[in-house]
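These protein sequence lines map, in sequence, to chains F and D. All residue numbers for the first sequence refer to numbering that gives the first Met the number 0, where the first residue is 0 and numbers rise by one. All residue numbers for the second sequence refer to numbering that gives the first Met the number 0, where the first residue is 0 and numbers rise by one.
In short, the hints are calculated from the structure, not lab data. Among the clues, some could well be false.
Said to hold, decoys possible - On the chain F side, residues computed to face chain D include the following (Cβ under 10 Å):
(1) TRP178
(2) ALA199
(3) ASP214
(4) LEU219
(5) CYS250
(6) LYS362
We put the CB at the ideal spot given by N, CA and C, even for glycine.
Protein chains: 2
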Amino acid sequence: MPTPAELHQDGLALTPPMGWNSWNSFGGNISQQAIFETADAMVATGLKAAGYEYLVIDDVWHGCRSEDGFLQEDRKKFPDGMKAVADYVHSKGLKYGMYSDAGVKTCAGKPGSFGFEKQDAQQFAKWEIDFLKYDYCYAPDDWQTAIGLYNRMGGELRATGRKIVFSVCEWGVRSPWLWAAQAGGHLWRATFDVVNKWDAPQNCNKGIGILTAIDRMSGLEKFAGPGGWNDPDMLTIGLKPNDNVGIGKTCNEHEQRTQFSMWCLLAAPLMIGCDIRNMSPLSREILLNTEAIAVNQDPLGKQGVCVSRVGPMEVWKKPLTGDRLAVALLNRDEHEQPIAAAWPDLELPEGQAMKLRDLWSHKDLGQFKDSFSKSVQPHECVLLLMTP
Amino acid sequence: MPTPAELHQDGLALTPPMGWNSWNSFGGNISQQAIFETADAMVATGLKAAGYEYLVIDDVWHGCRSEDGFLQEDRKKFPDGMKAVADYVHSKGLKYGMYSDAGVKTCAGKPGSFGFEKQDAQQFAKWEIDFLKYDYCYAPDDWQTAIGLYNRMGGELRATGRKIVFSVCEWGVRSPWLWAAQAGGHLWRATFDVVNKWDAPQNCNKGIGILTAIDRMSGLEKFAGPGGWNDPDMLTIGLKPNDNVGIGKTCNEHEQRTQFSMWCLLAAPLMIGCDIRNMSPLSREILLNTEAIAVNQDPLGKQGVCVSRVGPMEVWKKPLTGDRLAVALLNRDEHEQPIAAAWPDLELPEGQAMKLRDLWSHKDLGQFKDSFSKSVQPHECVLLLMTP
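Bound-form chain F, shown alone (with noise of 0.2 Å):
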């Protein structure tokens, strides 16, 4: 089977993309003034710097659709028009995406692009975005269907000639790992939306947890490589409880840094959710981590798994280049547990020396020979680089 990199001979999304979506902290308020607030920020914060390079609206930047059929901006929210937003962003060296759906209407209710797959790319491509999340909400739910209609939108924006990151948004209810790369997605959603909470079931209520979204990607690894990922959603770090997908919630320090290092282990896209323009200390700081981002973005591009489950108590790892792994050690547990990294469980031999360091703290911790062990806190992730 040929993989995402060779179907899509575009050299886009060699690594995972990180960026920034609107979606999770301002919903349908989206501005023109929002957008160019955020894009100073992407620069001012270290974001860009970092690697976060993709600017994304989601949902309701729309007007209604002109009389020969083209989408149009919400002019209020938008006074100088969509190029003018995406030449502002790109004038801060940032990518910009848009949001459009496969269905007749958007998951908001505004214009989808069910009929419209041509003019709607040729629309995109003149605004110049650099990526299309495409969303599913107001479409038939049959596989046939939803594979026929990103297939047919994933051409029309190939066809347009502009290099666009195709993110698949179906929620991975049809098994999009099996199709996606094919249709010309470049990510695609393994889980329904993740909300702000640490362990919500896929089906309770409108939105999973961090750990259910982690479990749903166990299993697609094999799917997953350069120019193709299983996108567990967005992060929710920084998330206040009034936000978007706020909830009326947010998650601890240990559960937002969780979630950030099993989003970097699992090789997932990284799209931040939180207004950057006041990000608290901590978010920075979890954002920011360039250690665990590097784990992110290994050129490998392996999908990190499971190798050892004690009850609560999880030992996770990713193969780095270089011979390097890195190993998270999970503990869902409300009480603080030991953790311990076997060698044979990391298929490591017998008496093999890896020197290791943990990517939260910063610090080397020596050298190991069998096996490393440290107490966890509850919902902590451990987060470690081996390198023989």
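Starting from the structure of chain F, add chain D where the hints point.
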């Protein structure tokens, strides 16, 4: 979208299939003698009276194909031939099931049905089988092929004119809940193989644990109903450490009861895997819990869903006929925990009086109006029947 029963129009599997399958305890070590004894035991132990009707032999029953391409049984294992086995099983008032594979070989390397679908369906019908488990080893990974191959065998089975329950076993990788009923399937695996472990993730080693199987069912509830069921794989209850998928482990009493409670609540097929000729009193008590079975076999055919999760404490509900509910209180923790089923989570009106019955102690608990709370042991699952 038509329901599975509307698609099939055959009256089969209107409630989740119940029976016994040879794989978990016998593996390749099956024989005519063992099957005859198992058929006897299904009657003598009361399993048949409790609703278990399908006796299914799994892989490794095969001899070579005949010169004209028909499957033949291994005459060393089945000296009187497969038809004699079917006759014996039928003589006990049971139904008989067999196993094949959509690829060129079965998972254990025996002849697969690829390219021989018509002949194999005819041979199975000649042997008078009532159930076919159809695996997906040695077959292409892509969904188009998988769907095509299951459609092909589904059509050939139907063309024989014999009523045969079709068990689609591609392990949930290609979202079979979307297409298996249309291909003629009456149940379809939602997960990789379950082994005799409480907790092993989808990607660890070769088999998943009970908890992971439960989690994989979440979100699929809308695809299940009379005529077609999501299948989290066979019951591991009663397996011994040296059984085929016993993997050197046993699950404790709570864990075994929990598997049964949750399989019943999830409207999962109930296929016993242990050696029923030698059941322990505990295995008997669990597998013959007719009150739990009634939850599984309720004619409404709803798959239960998780309605509340607080850390490792979960509440699940399954709507039943007569405005009744089955409710499970599941403690995934290593510590005893109180778990509360609150009326709003169950979508019951405030103040609505419900009579509660514990389906493991088989005792009425009285009438409750707003919530019910109980202390639940580690890995225990309290199964309740609620009646207005």
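### Interface hint status, ASP214(F) versus chain D (Cβ within 10 Å)
Interface hint status for ASP214(F): holds (6 Å vs cutoff 10 Å).
### Query
Does CYS250(F) pass the interface check with chain D, least Cβ-Cβ distance below 10 Å?
Because about 13 Å separates CYS250(F) from the closest Cβ in chain D, which is outside the 10 Å limit, the hint is violated.
### Message
Does LEU219(F) hold up as a contact with chain D if the rule is Cβ-Cβ below 10 Å?
### Response
Check passed: Cβ of LEU219(F) comes within 8 Å of chain D, closer than 10 Å.
### Message
Just to be careful: measuring from the Cβ of ALA199(F) to every Cβ in chain D, is the smallest value less than 10 Å?
### Response
holds (6 Å)
### Query
Holds or violated: LYS362(F) as interface residue toward chain D, Cβ cutoff 10 Å?
violated (29 Å)
### Task
Against chain D, run the beta carbon of TRP178(F) and see if the smallest gap drops under 10 Å.
Status holds, d = 6 Å.
This entry does not satisfy hints 5, 6, going by the numbered hints stated previously.
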